[in-house]
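Novice: Start from the sequences, fold in the hints, and give me the full structure.
Protein chains in written order, with numbering that gives the first Met the number 0: chain L, 0 to 363; chain A, 0 to 161; chain U, 0 to 347.
Counterexamples of contact, computed for chain A against chain L with all Cβ distances above 12 Å:
| id | residue |
| --- | --- |
| 1 | D81 |
| 2 | A87 |
| 3 | D89 |
| 4 | T91 |
| 5 | Y98 |
| 6 | M104 |
| 7 | P147 |
Heads up, simulated DSSO-like pairs for lysine-lysine below, C-alpha to C-alpha not over 27 Å straight-line:
| id | chain 1 | residue 1 | chain 2 | residue 2 |
| --- | --- | --- | --- | --- |
| 8 | L | K287 | A | K94 |
| 9 | A | K52 | L | K157 |
| 10 | L | K157 | A | K48 |
| 11 | U | K50 | L | K180 |
| 12 | U | K328 | A | K5 |
| 13 | A | K38 | L | K157 |
| 14 | U | K153 | L | K20 |
| 15 | A | K38 | U | K50 |
| 16 | L | K162 | A | K38 |
Calculated from the structure, these hints are not laboratory results.
Quick caveat: nothing in here was measured; it's all calculated off a predicted structure.
For each residue, glycine too, the CB sits at the ideal point set by N, CA and C.
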Amino acid sequence: MTLNMGPQHPSTHGVLRLELKTDGEIVADAIPHIGYLHRCFEKLVENVEYPGVVPFTDRMDYCAAMNMELGYVLTVEKLMGIHVNNRVRCLRIIMAELDRISSHLIAAGTYGNDIGSFTPFMWCFRDRETILDFFEETCGARLLYNYNWIGGLMFDVKPGFEKRLIEFIDYFEPQVDNLNKLLSDNFIFIRRTANVGIISPELAKSYGVTGPNLRGSGIKFDVRKDEPYLGYEDFDFEVPVGLGEYGPVGSCWDRYMVRIREVKESCKIIRQAVARLTPGDVHESIPKRVKPPAGEVYMRTECPRGELGYYIVSDGSTKPYRVKVKSPCFTVMSAFREASRGTMIADIIAILGSIDIVLGEIDR
Amino acid sequence: MLSYFKDIGLGIITVLNSMWVACRHFFTRSVTLQYPTEKWTMPERARAKLFNKIEDCIGCSQCARVCPTRCITIKTEKRGKDEPEILASDGTPIKLRTYIYDIDMALCCYCGLCTFSCPTHCLQMTPAYEYSVYAIKDHIYQFAKEKPLSVRAPAEPTTASF
Amino acid sequence: MQSIAQLLQLIPKYDTLPEIWRLLIPILVSCLLFFALMALAVLFLVWLERKISAHIQDRLGPMYVGGWHGWAQTLADALKLLLKEDIVPDATDKLLFKMAPFIVFLGAFAAYVVIPFGVSSIVTDLNIGILYVVALGSLSVVGIIMAGWASNNKYSLYGGMRAAAQIISYEIPAAVAIMTVIIPVGSLSMVDIVNAQSGGIQNWFIFRNPFTFLAFFIYFIASLAEVNRTPFDIPEAESELVAGFHTEYSGMRFAFFFLAEYANMLLVTCVATTLFLGGWTSVLPGGSQLIPGPILFFLKAFAIIFVQMWLRWSVPRLRVDQLMYLSWKVLLPISFALVLGVGWLAVR
Chain L
0 MTLNMGPQHP STHGVLRLEL KTDGEIVADA IPHIGYLHRC FEKLVENVEY
50 PGVVPFTDRM DYCAAMNMEL GYVLTVEKLM GIHVNNRVRC LRIIMAELDR
100 ISSHLIAAGT YGNDIGSFTP FMWCFRDRET ILDFFEETCG ARLLYNYNWI
150 GGLMFDVKPG FEKRLIEFID YFEPQVDNLN KLLSDNFIFI RRTANVGIIS
200 PELAKSYGVT GPNLRGSGIK FDVRKDEPYL GYEDFDFEVP VGLGEYGPVG
250 SCWDRYMVRI REVKESCKII RQAVARLTPG DVHESIPKRV KPPAGEVYMR
300 TECPRGELGY YIVSDGSTKP YRVKVKSPCF TVMSAFREAS RGTMIADIIA
350 ILGSIDIVLG EIDR
Chain A
0 MLSYFKDIGL GIITVLNSMW VACRHFFTRS VTLQYPTEKW TMPERARAKL
50 FNKIEDCIGC SQCARVCPTR CITIKTEKRG KDEPEILASD GTPIKLRTYI
100 YDIDMALCCY CGLCTFSCPT HCLQMTPAYE YSVYAIKDHI YQFAKEKPLS
150 VRAPAEPTTA SF
Chain U
0 MQSIAQLLQL IPKYDTLPEI WRLLIPILVS CLLFFALMAL AVLFLVWLER
50 KISAHIQDRL GPMYVGGWHG WAQTLADALK LLLKEDIVPD ATDKLLFKMA
100 PFIVFLGAFA AYVVIPFGVS SIVTDLNIGI LYVVALGSLS VVGIIMAGWA
150 SNNKYSLYGG MRAAAQIISY EIPAAVAIMT VIIPVGSLSM VDIVNAQSGG
200 IQNWFIFRNP FTFLAFFIYF IASLAEVNRT PFDIPEAESE LVAGFHTEYS
250 GMRFAFFFLA EYANMLLVTC VATTLFLGGW TSVLPGGSQL IPGPILFFLK
300 AFAIIFVQMW LRWSVPRLRV DQLMYLSWKV LLPISFALVL GVGWLAVR
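Specialist: Okay, here's the thing in structure tokens:
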């Protein structure tokens, strides 16, 4: 029969409509229908000046807003040829990695919720609260920051920020082991996720899947390592890859575990970035009036959900002519349809949780 | 055959492990704040309700120009040459009379761009976050105190025009 | 029930009533008394669950309603549910839709009449006590299927079918585990089972021999599945099927399902206490009853309930086929082996 996992559903991570053609409990086809959260981002920002576009980019992927802003800001800076100083670079990296941790905590917590374990959700959010407190004391907002500006940052961090941040990272790393003991190594969780939703490396490559979903299928590709930006080439971190420990490579467990391991790597990067922080002025390179030369530019960055790309066409005025966003979750939804054929309804939820979509980014 | 018993053993051990981890948390302190009685102290940079100290406003309309959602409505008129000169608190002479200065907090996206563009820093974001109202038009906050002399002000504030 | 009959003799002109009333009234009064007791216990259990889950998750749970740690929260929720609009969707099978909560409720509450809470605190000591309890467990399946079908909603149908498959599959290991206790006792009556365990903690079935020790855990796991608790809460898997078979129910009808779930939970715990933990008998090896029977009974029952709630909040849920695998391929062979072991011990 045709079952509609409608726009209002506790587990579809937003307003996604899945049309499931089922045969008993087995799913023959799962057709995603998107567009319920479309807010015309790309058309809207054609009427807003370049610095004013940053709050709009926040609202696309609201769980990882720092990274969305970073992608846009780096693209405009590439077009204008602005170089920022070391302090801005290090602070941008710290904020981006903190945001990556926060986003992966949401992914892990809500995934536990979907699978039926309600406790990791609360613990992940408790730790995420401290990260949001860091963001709030620095820029004033918890979720939608407008912190990365073209040419610099909105505010410098408060004195003592570095020390408190390192204290938090010291407290937080054992919590990840706690979470692993509770959820990731649990036999029932492994049974639910390890043989389910296999996205083979060939399928992932042919659909253009990126980010933790691609790395979960065994392919080691990370924009921070392969096309480094913002000084990532100087940082020492590993790129975790799904190894297929509990089943074929590319299962839900692999993708989930890649995210948990990436959290640990982000902690490493933050420690190195804090060590490299030099005093400086974060408003140094911010232009008075952002008027890029006419031209077009494409820049890609690694946001927590994959490879985020911004394509900006400028006609020389203060408002962009066209801003196109390549959203990582949009590409992975097509692979989802392939991966979910022949699974059970409970597995659909498991696969959807493991690819970690945010509808704001898919629909823009 | 052996994997059957191994699976059962592994299942029991990991479930007991998870239960032990959960049990430890039973005895840790909870992190809940009982909201109306216990409140979190907002950091000083917290971005919530906008406030404009209208005595310092020079009517430049930079805030309305920068706002991405066009939530600020400003209407100004030139002060006559015979009127006494007024200065803002940092000494800037105020040459325009601002007779309409409305901020629609329901449209505001709390980005803070307006506060950075204000030359006299009269527009600030305050940490006041408890201001729910029953009718959405009560979210339009009118800061202007002066009345226009030459222009007849419209009855209802219009959307941003500058 | 004898004491209630004696109490009723004190009412003037009681003896002049026709015989049928003198038979019925003690039954009705004692049933109502136990019903009230169970309702109170269920209300307490809901509050306890919320508190335990909150503290495991580093938060506080109900704090406000009634003053001290929100003890009146369940009462307030039940009142709220009473006041809600009674929605019966148009396309449902109305008779089945309205009957289903009551049948599920019935399956949970009717079994309390044979649970021995104390030496003479039992409504009726049926000589087929434990068989009666197992039989009533199957009644709630009918109610769940009715709810799933009558709701005219594909999600509810899935929930109902899954619940039926689950409950029926897990009744068998549960019943076989119960058999391991019946074989040494030789009688199905609950009072006889408790009396066979009197004399201290070493006589309790859980500690008497390794077969019944394992049978306790088999029964515990199987009974979790009977009452649809995590890790077996597929029928009401909130994140998958919205709310499973009770999606379309609101207000008091939903309250009935909810209360029935907790009553069922208390029931299987009471049965486990009676069969394996010695019921109301004392812990001390001499057998002297320092704490009165009913209180000790409830203490033991709440210890098991605490473990059930703790398990719910630590462990994810099993998928339907894994659940079936567990029942038929793991629990059932093990419980058969245990019965063989207990039988061998008995004839040795």
